[in-house]
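Got chain A sorted already, so can you dock chain B onto it with the hints?
From first to last, the protein sequence lines stand for chains A and B.
First residue of the first sequence: 247, per the numbering used here; consecutive thereafter.
First residue of the second sequence: 247, per the numbering used here; consecutive thereafter.
In short, the hints are calculated from the structure, not lab data.
Heads up, a few of these hints could be off.
Identical chains share a label here; the pair holds if one copy fits it or two copies do between them.
Pairs of lysine to any residue, SDA-like flavour, derived with a Cα cap of 25 Å [what the hints assert, rightly or not]:
#: 1; residue 1: 529; residue 2: 539
#: 2; residue 1: 662; residue 2: 458
#: 3; residue 1: 662; residue 2: 498
#: 4; residue 1: 599; residue 2: 390
#: 5; residue 1: 599; residue 2: 663
Number of protein chains: 2
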Amino acid sequence: MSTSEHVDNISTLIRESQRDALIDLLMSAAREGRVSDLVQDLTTREVHELADLLGEDDFGELLGEMEPGDAAQLLTRLAVRDAADVLEAMDPDDAADVVGAFDEDQANRFLFEMEPVEAAELRQLLSYPPDTAGGRMTPAFIAISPDLRADQAVVALRQLSEEAETIYYVYVTDSEDHLIGVLSLRGLVLSPPETPVRNVMVEDVVTVPVDADQEVAAQTLTDYGLLAVPVVDDRGRLQGIITSDDVSDIIEQETTEDIERLGGSAPLEEPYLRARPIHLVKKRIGWLLILFLAQAYTGTVLAFYEDTLEAVTALVFFMPLLIGTGGNAGSQVVTTIVRAMAVGDVVFRDILKIVWKELQTGIMLGVAMAVAVFARSLMLGVGVDVGIVVGLTILAIVIWAVTVGAILPLVLRQLKVDPAVVSAPFIATLVDGTGLLIYFSIAGVVLGLN
Amino acid sequence: MSTSEHVDNISTLIRESQRDALIDLLMSAAREGRVSDLVQDLTTREVHELADLLGEDDFGELLGEMEPGDAAQLLTRLAVRDAADVLEAMDPDDAADVVGAFDEDQANRFLFEMEPVEAAELRQLLSYPPDTAGGRMTPAFIAISPDLRADQAVVALRQLSEEAETIYYVYVTDSEDHLIGVLSLRGLVLSPPETPVRNVMVEDVVTVPVDADQEVAAQTLTDYGLLAVPVVDDRGRLQGIITSDDVSDIIEQETTEDIERLGGSAPLEEPYLRARPIHLVKKRIGWLLILFLAQAYTGTVLAFYEDTLEAVTALVFFMPLLIGTGGNAGSQVVTTIVRAMAVGDVVFRDILKIVWKELQTGIMLGVAMAVAVFARSLMLGVGVDVGIVVGLTILAIVIWAVTVGAILPLVLRQLKVDPAVVSAPFIATLVDGTGLLIYFSIAGVVLGLN
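So that you can see chain A by itself, here it is in the shape it has in the complex (with noise of 0.2 Å):
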């Protein structure tokens, strides 16, 4: 179904104020992503209806699942008053994104008509940097006093588990917020009802503190398989808990911007299709001027080797071959190592061995690549004495572009740079130049020139 027959399909459910059919087509698409495709298009007036017939609750869900960008446009179109209301029926994470995407006057009307208690939150959670731990958390944790029974927990339980995030972890705190202990609901329910929530807390919590990237918080979830982790300030005071499903969302936008970084371009901030092209230019320009310095001087080898170039034009036939390989192959190397890095599998020390099987794997392929060239070269009919020259370059390309594959990723991690800006481009460019130079001169040496 295209998105302006989604369009007609909504604005009808609306005009017909039928509520069931309406979450049911929104919560489809809010599971494909497309809810902002969906709502786009809406008249002002379709927005306002749509927010009545949701009611506070729903409709801050629906904002929930958008990008926070969308979701802002989408409640400038209600009354302040009413889109007051609906931050404040939303989680107080996903209203702290929503807010976060307004500019600083905008933001501060809305907080304005906000309850005190319920803006003052948003403030906090909005005061930290977005890809932080303390950008993450959400702030509706169950915390209860170490002095109730398990029984009495679970009663509190009840009553507090409409405000929170997650009920599969209690904390315990102490009069002053520092958290001392944590209850999983499963602990909770097979422990005898008596006994007092200290005696079966666990008091040796993994935390996360609030300023950490959000990266560690994720992989600090999934090391030590956790439903949620509490975050915690630099006095151990419980600030929020970050949610085992915050975890895809962090590990998808953390992979995009490797990946993108792989690719050679700068990583976007929005999704691909809301991005103007002057922004995707803006994102995409540096690299290329950057690569585009360093591959300059490849003309100056060439005007070096102009004399050679003139004897044997043949030479220029197999230039484009010789690089490009030697790129892929680097490519490879590159690729692999960085992912290899970013999941854990290698690291620094690692270095000496990771060397010594890419350029065993370097002469292997290498050879194989040493003997396509040179049948290239026989029936391209240049000559036996090229065929030579554009084998032995080609093995020497390989093994020398899968080494410097394999050494800079580790190097530039260990230089604290980013090891994902090592791209397939970079890579490639550094080879065409390089490159080049080993062409000639092994060229000059087998035919004899200079």
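Structure of chain B alone, referenced to chain A:
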């Protein structure tokens, strides 16, 4: 701490029978994914002592944290009897992965020594390919009859919780194992004790077919925000569950495959450091040769334009720069589009929007690069004529590269080919040959050759 220090340490702890310290050391190594490194150099005697010290349960859990191949190797160092006991104590899905790493004869030897019921369970799991829902699932779920009351269900839960991998969901099945509903622990705890299970269960259960791709299962868990998803056979009978802690494994594995394809090689199925060089060669040589063949015709193009090359050698100076820039611009687009498809941001029907966006982007990028390459030509002193040729060429090549880079992944996906095969090397290779044709055509017209 280096690996060899670790081994000294673990050997010492085994010799001194320090069970708790051993478990601490092994658990922290497990979180870093380095258990295999830690135990691979132990003597057979030490492995025996370690198994005795830890007991079946903890030793089995240790194996579950390792790569299946490594775990299998460790297991062969125990007596078959003892190994079978450990396998029985393990989570069935982990045990199946380990047994799956043996060859058939070895696997049968272990299965023969195990309790018949547990062996049958493993044989069943082993019958599904490892990257399907069936291959990922565990049969360790809790299923109850719809005729129990909520409080009886909680009692059943207490009894069954030991064996189950999650107690957050309780599945309701009829006498023939058909899945008819699901209860969340949350729902059970929050509902009155006397309510029949039938009345509190959710009947509309989200399931995954046993032969679905593991990626579908992970996506379902994420989209619906579930902690576990039930896996059913074609007659709707409950076969197993996949829990949320499998999701990050699955995403990691599938993303790694995508990234390696984008880098121009076939995905590795094992950790990089365990892959032997000949294995790396096998994964890479295919694409390297395909790209070689695709690029070989650049030689034909250049041979065809031999006269032009001899007349204006300066054209050669810019060849690597022009085709390199085209490859870089194309690879930026390809990685962005492939990733946007993988996360569901774009689909085939967006193709016109995408091409229009990339055309505008390409024109802006191309103009910028044309200015840069014209400046470079002045520096090399090759004359304004050649400067105009290379300027026009880079503009045309960049526009061409971004357009092809945008269309190809979308079309391939439509043809059911994994779009990640349109790697950065692939697009660079494609642009090399066509770029040279563009170059010499423009040169022919502007310089009045041919």
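Structure-based check of all given hints:
For the identical chains of this complex, residue 529 and residue 539 are intra-copy neighbours only, at 17 Å inside a copy versus 33 Å across copies, given an alpha-carbon limit of 25 Å. When the C-alpha separation of residue 662 and residue 458 is checked against a cutoff of 25 Å, the pair qualifies only within one copy, where the shortest distance is 16 Å, while the shortest distance between copies is 41 Å. Taking the closest pair of Cα atoms, residue 662 and residue 498 come within 25 Å of each other both inside a single copy (22 Å) and across two copies (23 Å). Taking the shortest Cα distances, residue 599 and residue 390 never come within 25 Å of each other, neither inside one copy (51 Å) nor across copies (53 Å).
Proximity of residue 599 to residue 663 under the C-alpha cut-off of 25 Å is restricted to the intra-copy arrangement: shortest distance 22 Å within a copy versus 35 Å between copies.
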